[in-house]
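**Student:** Line order of the protein sequences matches chains A and B.
So for the first sequence, the working numbering puts the first residue at 1; every next one is plus one.
So for the second sequence, the working numbering puts the first residue at 1; every next one is plus one.
All clues given are correct.
Ranges of calculated distance between the beta carbons of each label pair, as one might list FRET restraints:
id : chain 1 : residue 1 : chain 2 : residue 2 : range
1  : B       : L104      : A       : K263      : 53 to 63 Å
2  : A       : L180      : B       : R238      : 47 to 57 Å
3  : A       : L51       : B       : L104      : 39 to 49 Å
Footprint (simulated), chain B over chain A, 3 or more residues, beta carbon under 8 Å:
id : segment
4  : 140–151
5  : 167–180
6  : 318–325
From chain A, some residues computed to sit far from chain B (all C-beta separations above 12 Å):
id : residue
7  : V70
8  : D163
9  : G183
10 : W230
11 : L232
12 : E262
13 : G298
Read the hints as simulated data drawn from the structure, not as lab findings.
Where is the CB? At the ideal position from N, CA and C, for every residue including glycine.
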Amino acid sequence: MEIRTTPDTLASSGMPRGLLSILASLKFTLVILFALAGGVLAAFRGDADPLWALALPLGLFAVNLGTAVVLHPAFRRQPPLLLFHLALIALVLLLAVGRLTYLKGHLELTEGEAFSGELAGWQAGPWHPWRLDRVKFINEGFRIDYAPGVKRGPTSNVIAWQDADGIWRRGVIGDDQPLLLGGYRFYTSFNKGFAPTFAWRRIGRMGDPVIGSVHLPSYPMHEYSQARAWRLPEGGPALWTQLKFGEVILDPDQASTFRLPEKHSVSIRVGEGASEILREMRPGEVLRLPEGELSYLGLRAWMGYTVFHDPTLPWMLAAVLFAVACLAWHLYSKYFARPWNREA
Amino acid sequence: MEQELALLWTALASYVLAGTLAIVGIVLGRRPERWVLTLLCLGLALQSLSLGLRWVRLEHGPFVTMFEILASNVWSLTLIYTLAYWRQPAVRPAAAVVMPILFLMMGWMITTSPEAGHLPPTYHTIWLWFHVAFGKVFLGSVLVAVGLAGVILLRNLPRAATRFANLPASARLEDLAWRFMALGLIFETLMLTVGALWAQDAWGRYWDWDPLETWAFLTWLALAFGLHARMAWNLSERISAMLVLGVFVLAFLTFFGVPFVSTAPHQGAI
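Only chain B is shown next, with the shape it has when bound in the complex (with noise of 0.2 Å):
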């Protein structure tokens, strides 16, 4: 286990040298993009061999304990918002808003024992997998768009706005914002359809309003309600970032939030 974890801390030291490059970047009006896609990749190479040496020596992934849970969604965030960084150079200032919210994940996950958990009985199946993968493509899609309604928000504050001057106009970023928005509406959709075939075997009902189940539904209503109301009325810039901000704090305290509270057995978090 010294192995797994003398990796992830190096990785996790990347993550943080790269973030912090980026902030330190948009305050000195520098672009330090290569140094910080560097480092992200970095960091991915070492907490995927970290969570591929604990996978082999646990034999299941990495869904059990809530650390696993957290280095797993900081590994995923990771990867969506390195893979968005790659092929979107507009959306690169926003990891000064990405960056910390990811710091803060690592700062909770390295607070959480590293033991082993015991998987239950009801993961022995291959709708685990779907689940998982598309809740993480869901949120990493939505923390992308946080970054960009982020940046439409630092825009409005007087000292901020000229720091991401050099990117496109608002409202260019506001609609890509909500391209990524639309995307995390079909994985979230996929998410729930494929946890109600799972819940279906692993607990006899596809859907039982559970403290998990409610609040993912609430969250998928906030985002249809997003994407209608952006056609409905003609949002301001800042509203739109805001409702963007509002459905991604929806998400996140359904995904970490929730199972801290719910005695029900679906404790997801995925």
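For reference, chain A alone in the conformation it holds in the complex (with noise of 0.2 Å):
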């Protein structure tokens, strides 16, 4: 059986005429379909505001099938097909949800640091509950296999976390293997480098020195500007630093690991014009500035993460299956169930 609602069609069953009957019709459904196009091109060419060009056609896409399945009785003759709109019209209401929730973000950890719930970037909805604080997860280390031609293979990062009961765990995540924690969803991502980590006293400070690390751009992507400006805490000196060394860590001529170089070097240039100092710095050395003291301490590994949020994301899931279903199930007695070669 097919849903036509053309005029007669509509008369025929009692529906009034007018914007419900425009609303419920199958060609509007063929200008929102349209319309949804052109709107995914336009976000996709940067010539709209996805949410907007998304939004607006799948709000009325909601519409018009709301109305349908109200308003056609076919809809209701045909229960697959009254399920699948249904799913579809969940599946809209579940993906508006999702945008105003969700979080998309990055953060760096270097090895042995803990997650603060600080991200060094996000996107999120206004209506995402920032639970980020209560989310406790330690970097403990990484390995990464690379293939000859420096092709990175999977990569396997151990992690300690503290669970809802409030215990310590640790295991292994990398590539498609999350940490699940607190409906974050944390996932390594492919950037991670050297962090050269310092101690700064400033003069007159009083207790422990601040220790810190500064994550130099991913390797071996930016393999040859192993280098950063970065400025020393309570109201210290800009500083920039460069770390050298001489062997050779991903060989593209055969199979390797991503792992720190066994000697190295940091370059420190700390101001400008006259007053630059340039100094060269290994392991356990101090250098001496008007401000403070800067020891270097030695070269550690970070990883980069991204985390996502998105308590939708099951119920969206199950909203397309059982869409699928439904559609499969509807596509069946439609079209299979009966020969192709013998009319309606």
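Put the two chains together into one complex, using the hints given.
**Tutor:** In structure tokens, the structure reads:
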């Protein structure tokens, strides 16, 4: 059975004409599908705000489906078709909730560092609950093997985390094996690199020095630009740091593993022009500056992570699978349960 | 590798012979269908062996290089079309339309390097298998529909009309074509769903509107548009057949065109 929304069909089924019948019509569905395709293209090309380019046709789509389900008896006579369209409406609503509550961000952690709840960058919906401060995990180191040609293999990142009962646990995550914690999904990214670690004691400051790491650009992607400008904490001066080593870490001619260089030094440049200080440091060395004392503690590795949160994920999957099952059921009864070479 | 390539070349020769026989059969008004089916099956058996040997040697499926992707698509499309050819006698003359499309892919494949590629870390997942399998069934279903649509369009040409006179009426062929398109819609939906599941774990997001995702979704919309347009309007068989062709062109360009212009990590071309 086919659903036709011509005036005759509507009249014979006793449906009201006018706005509702237009909203419920199949021709309006076609207009919306066309508008949705236009919205997708406009958003893809950057010509329109993706939110509105997609939200508007999807909203109209929900209205069209909703009114069609209510007004067209054919939907009620065909349960799989009805359920398929209800699942689509649910999917559109879930997408909307997902966009309002999602979080997508990234962070970097030095080996041995605990996640502080701070992200290096993020996008989030206005209703995102922001519970990252309750998430506690530590990067305990990683291993990445490379095939000849510097082809990256799987990432194995050892993680210690505190579960919902406050018990610390340990496990391995990587590439497609996320850490699921507090409703967030933490994935290792392909970004990782070297992190020179320093201790900084400002003149006149009592207590322990401030210890921190500088995350140099991702390795081996930025193999030849292992330098970064940064600023010391507590109002300290701006620095420029470059990592130097002579050995081959990832050999293009043979299989290798990401590791720290056995011998290395870091160049430190402070100030500019006549006041410039340039110094090469090795682990354990100290640089005395007018503002305080900078000790180079050594080199560690850092790992990049992406974090994702969308509470609608399992529901969307259920809605999609239900929609596909109903669609298959409907198309089977519509097309495949009768011979194609005979009139219906 | 020589053994794999020798088997592949023999399979290609078998496919080409089958396609040529099908086309010559249409031109001469003969129906060498048993020979065509036998040659298609022979080619499939040989190419299966070739793909299997490569799989064992490289310890991964044909998912990585353009050579592997084209080879596996030639295999899967031929398999689906052969099944349709075997089970649905009505689609047999459509081989004259389908086989040249496969010849195009075969020609493209032999221009690519058969050297091995590196299996990315994100490919070590069960979702790869489902994503690839659903995508292949989707494209194969649309290809069968294209063959039928091609017959409908060829019937409009004065000299070609008589060649397809023995086939059912165009209205029935059009109905059959859209049944395959409906099957395609189910499998494209599954392909997108499983692709989203895979993308969530591979890249930390289920959907990001990268070029391949965008064009795959546009293909899905075009397919849904076609199915709804048939219900909303009393389309002529010719317009309906052109809609099928339009969806196929969009799907083909999405599968095999977008990966060439996209720099996103999602390179697809499953």
